[in-house]
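Participant: Each chain is listed here by its residues.
Number of protein chains: 2
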Amino acid sequence: MANEKECGSVHGVYSRLQSLIASFLSKNWRFLEKAWKLGASEPRKVIHCLKVGVALSLVSLFYYMRPLYDGVGGTAMWAVMTVVVVFEYTVGATLYKCINRATGTFLAGSLGIGVHWVASQSGEKFEPIIAGIPVFLLASAATFSRFIPSIKARFDYGAMIFILTFSLVSVAGYRVEKLFEMAHNRVSTIVLGTSICICTSMLICPVWAGNELHLLIYRNMEKLADSLEGCVAEYFNGDGTVKTSDDDFSKKLQGYKFALNSKASEESMANFARWEPAHGPFNFRHPWKQYLKIGAAMRNCSCCVESLSSCINSEIQIPEFLKKNFSEGCMRLSAHCSKVLKELVVTMKTMTKSSTTDLLVEEMNFSVQELQNALKALPNQLISPHGSANDAKVETTSKQVIVPVIEIVPLATTISLLSEIAARIEGIVDAVEDLADLAEFKPATDNKPEQSQCVMDKTDDETMKVLQKV
Amino acid sequence: MANEKECGSVHGVYSRLQSLIASFLSKNWRFLEKAWKLGASEPRKVIHCLKVGVALSLVSLFYYMRPLYDGVGGTAMWAVMTVVVVFEYTVGATLYKCINRATGTFLAGSLGIGVHWVASQSGEKFEPIIAGIPVFLLASAATFSRFIPSIKARFDYGAMIFILTFSLVSVAGYRVEKLFEMAHNRVSTIVLGTSICICTSMLICPVWAGNELHLLIYRNMEKLADSLEGCVAEYFNGDGTVKTSDDDFSKKLQGYKFALNSKASEESMANFARWEPAHGPFNFRHPWKQYLKIGAAMRNCSCCVESLSSCINSEIQIPEFLKKNFSEGCMRLSAHCSKVLKELVVTMKTMTKSSTTDLLVEEMNFSVQELQNALKALPNQLISPHGSANDAKVETTSKQVIVPVIEIVPLATTISLLSEIAARIEGIVDAVEDLADLAEFKPATDNKPEQSQCVMDKTDDETMKVLQKV
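Those protein sequences? They're chains H and L, same order as listed. For what it's worth, the numbering used here labels the leading residue of the first sequence as 625, then goes sequentially. For what it's worth, the numbering used here labels the leading residue of the second sequence as 625, then goes sequentially.
Note that these hints are calculated values from the structure, not bench results. Check before you lean on any hint, since a few could be wrong.
Treat identical chains as interchangeable: a pair holds within one or across any two.
Claimed, not checked - Calculated lysine to aspartate or glutamate pairs in the EDC-like style (CA-CA distance at most 20 Å, straight line):
| no. | residue 1 | residue 2 |
| --- | --- | --- |
| 1 | Lys881 | Glu836 |
| 2 | Lys1066 | Glu986 |
| 3 | Lys917 | Glu751 |
| 4 | Lys658 | Glu751 |
| 5 | Lys881 | Asp1058 |
| 6 | Lys1066 | Glu944 |
| 7 | Lys776 | Glu666 |
| 8 | Lys776 | Glu657 |
| 9 | Lys948 | Glu666 |
| 10 | Lys669 | Asp1061 |
| 11 | Lys651 | Glu748 |
| 12 | Lys661 | Glu944 |
| 13 | Lys669 | Glu1050 |
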């Protein structure tokens, strides 16, 4: 009996252990799977990791090879540290840290040596006090400067390095006799470390923060255009089946969320991009700040698309004949909105001013006007019990439908949100046009990409129609 | 003549120099003014700067005082570095960095010594290779791990320190004979530095990330409530003069923007808060992640308020009599929404479950229903040309007004956005109630704060009325 019990408890412990190990393994396996997926989807991140390895190996060479080792001295450790701390994913971030580190070290080093000289002149008794007070004051002041937004954006790391170097020099200065030699060593190793970092980061598959920001902005714009068009199309065409079955489609509808949530990454990229030298189509003084304005305008617009997408899913259904009446107008408006956005995407992609944007915006505004006019024409159909003279609606009005106002509410909401979206898209257009002016985009030429040309032809036709109607 | 010319050019240079200096001074003056304002508005930031100074002075003591100096050795420099790098504004951030630094150093140090031992056994020829390959591999792997979101949130700094220490140990191991002594020194100085940081940060006016997050969330909720109520009130009451003259009021209307834009700070604070020990009313395992959900629900709601505030400013004006008809209902709804939000604020502030929230939500939903019913009742007034039997509207209907549908659009939009906002507020309520369950808020007692009691009485009255009506 006791044996059985023991056997049972052993068995219980064993099975519990087994399940514990299994859950641990499966957890680890899932983690590895996730990591693998991340690596496979963004191979540049894997390359970055290898670049860090290469940079560290290069720095280690200075330690292992005797002639170089003697040249740089025992402080080659600082070079290793510089590489580890300074090497970042984008070139801009690496340059930001390198320049901040070098400047901070140089400024704090010279100040520290000055303070040390003054302290050493004042006798052994007062030396610690005279050396200590500036550490307290400067460290406090530099820490405070890191709270000021304009300094935080550009010199946060530099301020930290300033505090670090100043404290090290003035504290160590009391002991280390060879202060100048130490300073010289520190500077030379930092130059060594930063130059290895900059070379590795700029020469092997460079990732430019500016380029990333440029891509991020116009990709988000594309997603916003797709989701806006998809939302409206689904509302007027969808029978509810598309939404659940097609995973890609529902993902597309959520595209506006990318624009809504990328504020932080836009800001950090814009901060890093301004440190980058000219690369690809971008000059050194490319107006990166303007991208933030475009991003803000897009967020503004996405907010409205978000409200639209949830109002569209409301419970109150529009009567079928109204839906039919307005579906064309609404879908035309959303198509025009999306066309404007996509033209802006082309403008940014090719970095050429577009000659069709203004026309497309006019068309968009004309569709807004058309929708409003259609709404204005509505009361005749809804109130008069004897039908209007309008031929197209005979079959609906002959049924003598009196639509209660409540059933118009979702339609009215959709239309006024669409109008608001159109107005906000004009904000995006303005921001992109400002960018085109500031960055001196090439003016549109005749040998433009075919797509734009085709848009041009099509819109010309439509405008003619519009003008004839007016 | 030449003299005159020279005199003129000297004068020109002088005046240009003068204006240059003046602009430089005024720029600096403005900068200082801005810094002063920042310091005056957030005195805790100034205190933080002084704390950094104190911590650095404490560490310097170890250098200046001989007995201590001999104890820690020449590597006390590492202690200074630890203090500068690790000391952050909030306790959570400081703890995060301290624990990451200590763990990373310990792990990498032991691994490095192991690798060094293996390398030293393999003969002088292979030593650099056997020591170098792990540096490359581990640095790449650790760098990659920093891209994985779950690791980035918790161990980003630790991974960097791991790379740093491992490279230093295995590179320096080749030269420095006293490797164990170096490791011991490094660990003891880091312990010294981190303990000084932790003590200073926790004992002198501590700033808890968790507390800050808690405050941020409920303050944003308060602002959201105010701006929602203000928006609607301004639309229905305002004659346009309030908007331009009263600066405070227009600031209040923009309150929803705080909730919209604080995603990044919420996330970083929640990340830091989980490192903090129990403080004030918060336990060690306080559900900080739930705050992110509340924040997301609030952003969701703010998005709708944003659309509402711009739709309200549209050009189309609602006819006066409709405005009068609906102003009461809309304002009642917005007041109820704001009341629900403010009850949630009280719940979070006092950390007690509220007994009135459910009632308030019911009231809010009832106002939504009332508004919808009022809309449903509309067609009778608008379509019939002979007036309805409704007494209250006799004076308007007697004028035989036929309101075109287009003029109902802003009202319809306002109402459907308000309903959507009410629905999203329910999302916030759910999130806060989940928090109350997870964090085990005290249940509401009889001796609740007066404000809540007063709300209770008032709502009871209203509910009775509502029930009588139904």
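Participant: Any hints from earlier that this structure breaks? Give me their numbers in increasing order, please.
Facilitator: Hint check: 2, 3, 4, 5, 6, 9, 10, 11, 12, 13 fail, others pass.
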